[in-house]
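Trainee: The primary structure of each chain is shown beneath.
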Amino acid sequence: VTKVISYTLGELASLLKVALEGDERCVIDGLASLQDAQAGKLSFLSNPVYISQLADTRASAVILSADMANACRTNKLISPQPYVSYARASQLFDRAAVKHSGVHASACVDKTAILGKDCYIAANAVVEAGVVIGNSSYIGPGSVIGEGSRVGARCRFHANVTLYHDVSVGDHVELHSGVVIGADGFGFAFNGRESVKIAQLGSVIIGSHVEIGACSTIDRGALENTVIEDGVKIDNQVQIGHNCKIGEHTVICGCSAVAGSVRIGRYCVLGGGSGVVGHIHIADRVKLSAMSLVSQSIDEAGTYSSGTGLMETTVWKKNIVRFRQLDSISKRLAKLEKKLPRGKA
Amino acid sequence: VTKVISYTLGELASLLKVALEGDERCVIDGLASLQDAQAGKLSFLSNPVYISQLADTRASAVILSADMANACRTNKLISPQPYVSYARASQLFDRAAVKHSGVHASACVDKTAILGKDCYIAANAVVEAGVVIGNSSYIGPGSVIGEGSRVGARCRFHANVTLYHDVSVGDHVELHSGVVIGADGFGFAFNGRESVKIAQLGSVIIGSHVEIGACSTIDRGALENTVIEDGVKIDNQVQIGHNCKIGEHTVICGCSAVAGSVRIGRYCVLGGGSGVVGHIHIADRVKLSAMSLVSQSIDEAGTYSSGTGLMETTVWKKNIVRFRQLDSISKRLAKLEKKLPRGKA
Amino acid sequence: VTKVISYTLGELASLLKVALEGDERCVIDGLASLQDAQAGKLSFLSNPVYISQLADTRASAVILSADMANACRTNKLISPQPYVSYARASQLFDRAAVKHSGVHASACVDKTAILGKDCYIAANAVVEAGVVIGNSSYIGPGSVIGEGSRVGARCRFHANVTLYHDVSVGDHVELHSGVVIGADGFGFAFNGRESVKIAQLGSVIIGSHVEIGACSTIDRGALENTVIEDGVKIDNQVQIGHNCKIGEHTVICGCSAVAGSVRIGRYCVLGGGSGVVGHIHIADRVKLSAMSLVSQSIDEAGTYSSGTGLMETTVWKKNIVRFRQLDSISKRLAKLEKKLPRGKA
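Chains as they are written, first to last, in the numbering used here: chain A, 103 to 447; chain B, 103 to 447; chain C, 103 to 447.
No lab work stands behind these hints: they were computed from the structure.
Don't take each hint at face value.
What the hints assert, rightly or not - Here are the computed lysine-lysine pairs in the BS3-like style, where the Cα-Cα straight-line distance is at most 25 Å:
{"no.": "1", "chain 1": "A", "residue 1": "437", "chain 2": "C", "residue 2": "433"}
{"no.": "2", "chain 1": "A", "residue 1": "389", "chain 2": "A", "residue 2": "347"}
{"no.": "3", "chain 1": "B", "residue 1": "420", "chain 2": "B", "residue 2": "433"}
{"no.": "4", "chain 1": "A", "residue 1": "420", "chain 2": "C", "residue 2": "441"}
{"no.": "5", "chain 1": "B", "residue 1": "420", "chain 2": "A", "residue 2": "420"}
{"no.": "6", "chain 1": "A", "residue 1": "433", "chain 2": "B", "residue 2": "440"}
{"no.": "7", "chain 1": "C", "residue 1": "420", "chain 2": "B", "residue 2": "440"}
{"no.": "8", "chain 1": "C", "residue 1": "419", "chain 2": "B", "residue 2": "389"}
{"no.": "9", "chain 1": "B", "residue 1": "299", "chain 2": "A", "residue 2": "347"}
{"no.": "10", "chain 1": "A", "residue 1": "419", "chain 2": "C", "residue 2": "433"}
{"no.": "11", "chain 1": "A", "residue 1": "420", "chain 2": "C", "residue 2": "440"}
{"no.": "12", "chain 1": "B", "residue 1": "441", "chain 2": "A", "residue 2": "433"}
Assemble the whole structure, with the sequences as input and the hints as a guide.
Mentor: See below:
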């Protein structure tokens, strides 16, 4: 049995707080791109590049901005930010959002844990001693909430999430499967023969409206806490080292790695696979392109990159030999320039 | 108690469908390389570079091609593809393949789930409502199969695998521990202050004969599905973004990251740690060397690379300073060339 | 209820085996940096750069070396290796180290498994047939120990760790959540149409005093074993391929990837996000800077790097065009040099 979620256009206009031009009784049962939409679907036009697709779409309604409205012959939802309205609409059609409440018979909830109203603790989840979970939060199957951790309201932890002890999570936080919050930071003192472990006595503080992707890991601090501020969005397989502070609304794409004691500002965007070495800071509104490595602090907003670009391997092999000689090439060039008379060629 | 698996050479020749030259009653109880093999072991020669090892091997039998047979003084299994025959032989000696069936008392299987014949649902696994699992499939301890997902026949999901809701998996698919299939794609609409989540309403469709390594993650699509075609092999800690389509028999090595909406062709090989930016395509039979970043579509089969190559850090530090000046170096060189008379030096 | 751990300075001096100068009855209830310390805290001075902070610290005691002692006006613990003594002190204050023993009612322990004295098997953990676990080891909630695996004494496996079958782990090993040990190495024989799986018949042998970070994966060997020697420390999200051997006391930082059949020496340090291609070796005491790619064997101790360094994206775009032309730039320069008379400019 597949659950169908549907709304009339009138309902959608009201829920999305946008103006409707067209048939308020038209029933919408899903979202689709302009190209793929069939009857009954709601689509959107955000990037003007695709305006020509308005002519041929079979969508029953389109979210678009007022200045595009004339090009659209079907029902319209007029929004100043069509992409944002599409995002809000998508949440209305999310079948995964359906909620239970209670504690599954197979879950292990310590008797000292405090669960808010309308929480759901799913099958085989484990909630250890002293944990506090806010109202309407969901702890997925197989997830483990370590001793003394605090989870806010309306959180959604998917299956097989792990929180270590004494972690603090705000409201409306979504953690995907495989996420590990509060594992030990990587700290050792080398005594000349072996690495002596530095116990990680801090914890992790996660703000509200944070989302963290599958198999991402955020380590607890050595002495102080690792801090993820409100509104931060972290993709899959991202690693955040101990004592980092990630500023509000920063976005970190998949497979990025941030070493320990890094402060990253607000509204940054780290491209996929990027890396940041330890003990540096990055200003607000810095963007990194994919697989960039930041090895010094960045003090100014802007877009930064590293890497050579891709080429055929045969070409690349010749060029990397020369990269090794680059300093010498530069010096030889300077020498030649000295030998030649100044002035325009 | 260690289980011993053994076959006579006659049995092996028949199971592997290869010709035997030698003693059909010789008992083989394992596989080993030519160098390490002891009596009772079966070895193989695939790369002619190692032909000299045939003289000294203590293996009781060797898989090799007809043209190498003369150099081998022990029992032989003659195969046109010795490495492939070795692969098939290795499967015969896999002790991990031993099967149970039934549902472990501690597993939570929803009453609406449908399990095929000879399935095994291991300890503390969770199978949610509406799930369908094909014949002879194995769901490992602690694994979670989300609501409405469909798993084919003869699948093997190791311990602590997570499938989200409504995921579809073909036959004979092996998922290793920590794999997460169907977590939300990373999609947000920025409204000027914060990132508004785009609910990920698509799913993930995985074909047959697919293997996915430990802690790899494949996100569900935003509107359409993420698709992994038949025969794709994905190593550990690989990330595949939402709406990607990975073509048949493509191989993706460990720690690679593919951003969203990428189409990768058939029979490609992505080297370890490689990255692909979003919204591009890669043709069939493209190979990437390790840690390459693909930032534009690749339209032609071939081998591609990026990166500088490794060098002593002291040398590297001088050269990266020059890399920053490379455009200027190039222009200064062009200027000098103009100043000098044409013709051979 | 927050547990408070405290010691007198006299007790600490004795436990850390260092000399005390000051009040042996002073009570210490935690650690802090010189800058952040309040009364009751123990701090440390390791790097002489921070000696000026001694004057203003409010710490009740400081661990430092004898030659720094004069600059310190509070209680002192005199250590020849202050950072190592701080590491040992941190372990004394680790609240996570508090132990239980027994088997949680919800854990599934096979009747053929052998558990040492004072082990604890936590909620919903699974211990399969034939497993042997040494004294005082802890298996966290949701962790799975596969058939026939052996775990030494005083190990700590956090929540949701997975060991496959027949893995061997030494004493005093800490595995963080999401770790997967013994998944299949990535081995296939291509038969011209499809990849035929090579069953991975070896296992993983982990020495003693090893720590492995969250979501790291270590694959089992194809024929022989993958080996992690004593004292190796591996950070989060690291991938170690099949048949690798990692030498004693080597440290591998987060998100690094080591392909198959690599031998890495002793006392190496792999920077975060570094990569090592397959079938090569790395000598003892090699250091790699972050995101370096090793594509050939390294025979000599030293520090190695790759990559271009970071720059503004506008600058970078110009330079990567030139990188593609680098071999030609080098040749054109050589040609010019030939045209000009030798001798100093």
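Trainee: Would you mind marking each hint as holding or not holding in the structure?
Mentor: Hint-by-hint comparison with the structure:
1. A:437 to C:433: 16 Å, holds
2. A:389 to A:347: 17 Å, holds
3. B:420 to B:433: 20 Å, holds
4. A:420 to C:441: Roughly 24 Å between the alpha carbons, so the hint for residue 420 of chain A and residue 441 of chain C holds.
5. B:420 to A:420: OK: residue 420 of chain B and residue 420 of chain A at ~19 Å, within 25 Å.
6. A:433 to B:440: Answer holds: residue 433 of chain A to residue 440 of chain B is near 19 Å, not above 25 Å.
7. C:420 to B:440: 21 Å, holds
8. C:419 to B:389: Holds, at roughly 24 Å.
9. B:299 to A:347: Given that 25 Å is the threshold and the Cα spacing comes to 22 Å, the pair holds.
10. A:419 to C:433: Holds, because 15 Å separates the two Cα atoms, which is no more than 25 Å.
11. A:420 to C:440: 21 Å, holds
12. B:441 to A:433: The hint holds at about 19 Å.
The earlier numbered hints are all upheld by this structure, with none contradicted.
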